[in-house]
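So the sequence lines, in the order shown, correspond to chains A and B.
The first sequence: position 290 = 289 (numbering that gives the first Met the number 0), numbered continuously.
The second sequence: position 183 = 182 (numbering that gives the first Met the number 0), numbered continuously.
Bear in mind the hints are in silico, worked out from the structure with no lab data behind them.
Check the hints yourself; a few may be wrong.
Said to hold, decoys possible - Mimicking DSSO-like on lysine-lysine, the simulated pairs with C-alpha atoms at most 27 Å apart in a straight line are:
1) B:Lys-418 x B:Lys-83
2) A:Lys-3 x A:Lys-31
3) B:Lys-24 x B:Lys-337
4) B:Lys-473 x A:Lys-157
5) A:Lys-229 x B:Lys-473
6) B:Lys-296 x A:Lys-3
7) B:Lys-296 x B:Lys-127
8) B:Lys-24 x B:Lys-106
9) A:Lys-400 x A:Lys-379
10) A:Lys-235 x B:Lys-296
11) B:Lys-24 x B:Lys-181
12) B:Lys-106 x B:Lys-127
13) B:Lys-401 x B:Lys-418
14) B:Lys-232 x A:Lys-229
15) B:Lys-83 x B:Lys-275
16) B:Lys-473 x B:Lys-83
17) A:Lys-3 x B:Lys-401
As the list claims (entries may be wrong) - If we take Cβ atoms under 7 Å as the criterion, some of the chain B residues that face chain A in the derived model are:
18) Leu-61
19) Pro-403
20) Gly-406
21) Asp-477
Think of the CB as a built atom: it goes at the ideal place given N, C-alpha and C, for glycine as much as any other residue.
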Amino acid sequence: MSIKTIHRDVVVIGGGPAGLAAAIAASEAGCKDVLLIERDRILGGILNQCIHDGFGLHEFKEALSGPEYAARFINRLPGLGIEVMTGTIVLSLSPERILEVSTRGAIQYIQAGAVVLAMGCRERTRGAISIPGQRPSGVYTAGAAQNFINMENIMVGKNVCILGSGDIGLIMARRMTLEGAHVEAVFEILPYSSGLPRNIQQCLNDYNIPLFLNTTVTEIRGNGRLEGVKVAQVGKDRAPIPETERYIPCDTLLLSVGLIPENELTRDAGVAMDPITGGALVDDTFMTSVPGIFSCGNVLHVHDLADWVSVEARDAGRFAAAYVHEKREASRQRITIKEGDGVRYVLPQSVSGERDFILSLRVTAPWRNRAVVVRSGDKKVRRKKIVRLHPAEMIRINIGKDALAAAGGSSLEVSVE
Amino acid sequence: MNHKYEVLIIGGGVVGCAIARELSKYRVSAALLEKEMDVGMGASCRNSGVLHAGFKYAPGSLRARVAVKGNALMDDLCRDLKVKIKRIGKLTVGLDEEDEPTLRHLKEQGDTNGVPGLRVIGREEMQKIQPGVEGYIALHSPSSSIISPYSLTIGLAENALANGVNFHLGQRVESISQQPEKGWHVRTAAGEIFEAQVIINAAGLYSADVSRMAGVDGYTIYPCRGEYYVLDKRLNGTLTALIYPAPKKNAPGWGTHLTPTVDGNILIGPTAQYIKEPENHACTPDILRRLRIEGQKLLPAIQVSDYIRNFAGIRAKQTPPEVGGNKDFVIEDRKDVKGFINLVGLESPGLTASPAIAQMVVEMVGNHLSLVPDPSFNPVRPGSSDFFSELSAEEKADLVAKDPNYGEIICRCEKITKKEILDAINNPLGARTIVSLKYRARASMGRCQGGFCIPRIVRLLRDEFGWRPEDFLKRGVDSPLFVGNVRPEGGQA
Ligand SMILES: Cc1cc2nc3c(=O)[nH]c(=O)nc-3n(C[C@H](O)[C@H](O)[C@H](O)COP(=O)(O)OP(=O)(O)OC[C@H]3O[C@@H](n4cnc5c(N)ncnc54)[C@H](O)[C@@H]3O)c2cc1C
Chain A
0 MSIKTIHRDV VVIGGGPAGL AAAIAASEAG CKDVLLIERD RILGGILNQC
50 IHDGFGLHEF KEALSGPEYA ARFINRLPGL GIEVMTGTIV LSLSPERILE
100 VSTRGAIQYI QAGAVVLAMG CRERTRGAIS IPGQRPSGVY TAGAAQNFIN
150 MENIMVGKNV CILGSGDIGL IMARRMTLEG AHVEAVFEIL PYSSGLPRNI
200 QQCLNDYNIP LFLNTTVTEI RGNGRLEGVK VAQVGKDRAP IPETERYIPC
250 DTLLLSVGLI PENELTRDAG VAMDPITGGA LVDDTFMTSV PGIFSCGNVL
300 HVHDLADWVS VEARDAGRFA AAYVHEKREA SRQRITIKEG DGVRYVLPQS
350 VSGERDFILS LRVTAPWRNR AVVVRSGDKK VRRKKIVRLH PAEMIRINIG
400 KDALAAAGGS SLEVSVE
Chain B
0 MNHKYEVLII GGGVVGCAIA RELSKYRVSA ALLEKEMDVG MGASCRNSGV
50 LHAGFKYAPG SLRARVAVKG NALMDDLCRD LKVKIKRIGK LTVGLDEEDE
100 PTLRHLKEQG DTNGVPGLRV IGREEMQKIQ PGVEGYIALH SPSSSIISPY
150 SLTIGLAENA LANGVNFHLG QRVESISQQP EKGWHVRTAA GEIFEAQVII
200 NAAGLYSADV SRMAGVDGYT IYPCRGEYYV LDKRLNGTLT ALIYPAPKKN
250 APGWGTHLTP TVDGNILIGP TAQYIKEPEN HACTPDILRR LRIEGQKLLP
300 AIQVSDYIRN FAGIRAKQTP PEVGGNKDFV IEDRKDVKGF INLVGLESPG
350 LTASPAIAQM VVEMVGNHLS LVPDPSFNPV RPGSSDFFSE LSAEEKADLV
400 AKDPNYGEII CRCEKITKKE ILDAINNPLG ARTIVSLKYR ARASMGRCQG
450 GFCIPRIVRL LRDEFGWRPE DFLKRGVDSP LFVGNVRPEG GQA
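When you get a sec, could you build the whole thing from the sequences and use the hints?
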């Protein structure tokens, strides 16, 4: 059978907070032909299973649940005339921006004027961190457990240990407790939590759930269902200290050990990647190394708050629309941005110098009263004092094009001082 | 309940299933008893998936014979059963002149065993077969291949079933007795009785126990575990052949190696470690660390994010740790115990040899029953060996047009469609666990390990088949996924 090819100006892949904001922004920027593709039956992405509140504090100045936050965006789509394809998966993406998509009805090709990648991220699994032991049932990623409980009305277990203090794990510690499960403890291999401080307070401390830092699961036991886990403290090298090993009976282990941007399609298209973020390398328009392909949200780098995803995606959507209209080539003028002392990653990794932009970054360790300094050679472009710096929290700093021009140079370095 | 058959096979691994399929060519009433809820839950789906050529085994040994013959039977078998096989060949690589005599010896041994196409080749030719491989000399064995061990075991079972062999899953044989007139009396843990004239012991790790139940002492199985890493499909295509180091004198086994799978992953392993409990499939920290280090040396392109899973398989060895090495396979029609065909210690290359072992065993059955070919035997299993995701865009479009369930992707990493999930759940053997689904449809075998698709599969099975939370099992009755509903279904929160 021959396959139909259709054309669209801007195609956004992924209908979570990033894709929604990008599609809306592209449309508002004047693009009349925006297509939003989502593989699930409904739009909203991971927000749909986040029934706790805390979304929208920046965007809407009020605390919303995940579905409420998503609805604010979804409700605007019809009015803007944005075309939506749900239950649709993109099978492949070429550098020429041809998408192979599959729906219940048909397989088709879509030739896009510009593509916005907004596929989000997936959870790191047990296999990815090679936890030794048997492979019983009862070991879930925190997000999968959240899906079962909140979306499917299915209880995954009664006696719970949680490995990793990522935000979803913390939220699930509270959720499991509220649904009558006993949560023994949260174990974190790092010397500090990887979740937001507010979640430590509201999800653990308020429910007397202990958090053990510098501690990890060393063995999983159980032939059928999980019977228990061994945990041990780790040394400076993060290797378990045998004398500290202890056994904890439990029937459920939730893993909240990190998120991985879902960049299989991105790699398909030959986009250059950043090994630290696990996402694409982008410029100050969120365009990747492949002209006309943009990236934003958690597929670009894992964010701490959905609100920041929306902010970033709006820019990406707007620039994608501009690309279609202006057929703008990547700007020749490039200033690269590198991470210096105390900085794990920076984004964007290069800028044109033609416009103001927001620098996103994460630090490598928790500190108090430090400054983030952006330098071009020995010239200071920007210095921002921050009281509390934490690897779990993304830092965003405005950089003005005038300051950039004044400092000159072709590369910037960002460090914590 | 009492069941009566002419032939009973104990054990639904690849060997038991191959025997069942071979027997189904004849007019005999036969059944297979398997203690697990599906076939292939033992070593048969926990191995490297390699069809060995057979140059490694001593000339005249049973292992040499059945390996070479089994390998040769695979092309037709895989075509009929829709099993994926890739004849990629193997390079056994010597690093310097010192290895040359070893490789020449292996070639000679292989020639004697009847292995086709063996050649000792130099560096240049070696690198044509596997670009970038470093070595001085190599033995090339073109019949070494990779295969889907899941599809082979399941395909054999389904085809046997279609041709009249009954499969009783979840039936652990507990005791066996022989009555003078009535023949064999086999009792399972579920309290069911099976009567038969001939029983075949294909119980893998428990073959010595089943042998003892039937009155044959003198065998011991020493379980020996092999651990693996499974690598992401990102690295698919980096290995174009099987690469093994030339064996060194006095070194145990073949050392850590990489094996590409027919589905596009790469395996690091297996290791070898004797264990006490026969079915403890745990992976252990020290071995995992070693595999990571050695894997990295063999393939520097491996990144931490390429590790997607660990697993282990357990060999049914007849040699204790202090002896090491291997003993030859035991495949015997016991003269002293009438109607007992005994298979013990079928470790590697049991997967390769399974069709040849099956032919041998069925010949032995002929010593006890008259075997009349069944003209209605159909060797072909319906379906395709390819997954939807492996088809061309045009072929995909055709299928989606025919059945919209092909247009709905449930497992995003492996791109497995709703249609494939439904087919797997409706499998003829009636196996209904998550692992059964995974072995048939590959769902959850990708990089997210089911984080995305398992919730969707659960919803699908609940909506389409009315499954309740307690119906979901990982592999056995003792492995429930869930404890129940959060609150009563249909109720108000
Ligand atoms: C790590 C590893 C790697 C290997 N790699 C290869 C390879 O690359 N190539 C190759 O050719 N071979 C390989 N092998 C060997 C191959 O896997 C085995 O030889 C083969 O699977 C043996 O099949 P089987 O049917 O005898 O055993 P099994 O698959 O173990 O089947 C035995 C079955 O009997 C059932 N059973 C046991 N007791 C009872 C009872 N009392 N009642 C009812 N049922 C019972 C078990 O549940 C099981 O399903 C490997 C093996 C291992 C462990």
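Status of the hints after comparison with the structure:
Pair hint Lys-418 of chain B plus Lys-83 of chain B holds up; C-alpha atoms about 19 Å apart against a cutoff of 27 Å. Using a Cα cut-off of 27 Å, the hinted pair Lys-3 of chain A and Lys-31 of chain A holds, with the two alpha carbons roughly 22 Å apart. Restraint check: the Cα-Cα separation between Lys-24 of chain B and Lys-337 of chain B comes to about 23 Å, which is no more than 27 Å; the hinted pair holds. For the proposed pair Lys-473 of chain B and Lys-157 of chain A, the alpha carbon gap of about 17 Å is at most 27 Å, so the pair holds.
Taking the CA atoms of Lys-229 of chain A and Lys-473 of chain B, the gap is about 22 Å. The hint holds against a cut of 27 Å. Restraint check: the Cα-Cα separation between Lys-296 of chain B and Lys-3 of chain A comes to about 47 Å, which exceeds 27 Å; the hinted pair is violated. This hinted pair checks out: Lys-296 of chain B and Lys-127 of chain B have alpha carbons roughly 21 Å apart, not beyond 27 Å. At most 27 Å may separate the alpha-carbon atoms for a hinted pair to count; Lys-24 of chain B and Lys-106 of chain B exceed this at roughly 36 Å.
A hinted pair counts as satisfied when its Cα atoms are at most 27 Å apart, and Lys-400 of chain A with Lys-379 of chain A qualifies at roughly 13 Å. Distance restraint check for Lys-235 of chain A and Lys-296 of chain B: the Cα-Cα separation of roughly 26 Å lies within the 27 Å cut-off, and the hinted pair is therefore satisfied. The straight-line distance between the Cα atoms of Lys-24 of chain B and Lys-181 of chain B is roughly 25 Å, inside the 27 Å bound, and the hint therefore holds. Among the hinted pairs, Lys-106 of chain B with Lys-127 of chain B is consistent with the structure: their alpha-carbon atoms are about 20 Å apart, no more than 27 Å.
Taking the CA atoms of Lys-401 of chain B and Lys-418 of chain B, the gap is near 11 Å; set against the 27 Å cutoff, the hint holds. Taken as a hint, the Lys-232 of chain B and Lys-229 of chain A pair is broken in the structure, with Cα atoms around 31 Å apart against an allowance of 27 Å. Using a Cα cut-off of 27 Å, the hinted pair Lys-83 of chain B and Lys-275 of chain B is violated, with the two alpha carbons roughly 34 Å apart. Taken as a hint, the Lys-473 of chain B and Lys-83 of chain B pair is honoured in the structure, with Cα atoms around 25 Å apart against an allowance of 27 Å.
At most 27 Å may separate the alpha-carbon atoms for a hinted pair to count; Lys-3 of chain A and Lys-401 of chain B meet this at roughly 16 Å. A least Cβ separation of about 33 Å between Leu-61 of chain B and chain A goes past the 7 Å threshold, and the interface hint is therefore violated. Contact between Pro-403 of chain B and chain A, as hinted, is supported at the beta carbon level, the nearest pair being about 4 Å apart and thus within 7 Å. Against a cut-off of 7 Å between C-beta atoms, the interface hint on Gly-406 of chain B holds, since the closest Cβ of chain A lies about 4 Å away.
A hinted interface residue such as Asp-477 of chain B counts as satisfied when its beta carbon comes closer than 7 Å to some beta carbon of chain A; here the least separation is about 3 Å, so the hint holds.
Consistency with the previously given hints fails for numbers 6, 8, 14, 15, 18, ordered from lowest to highest.
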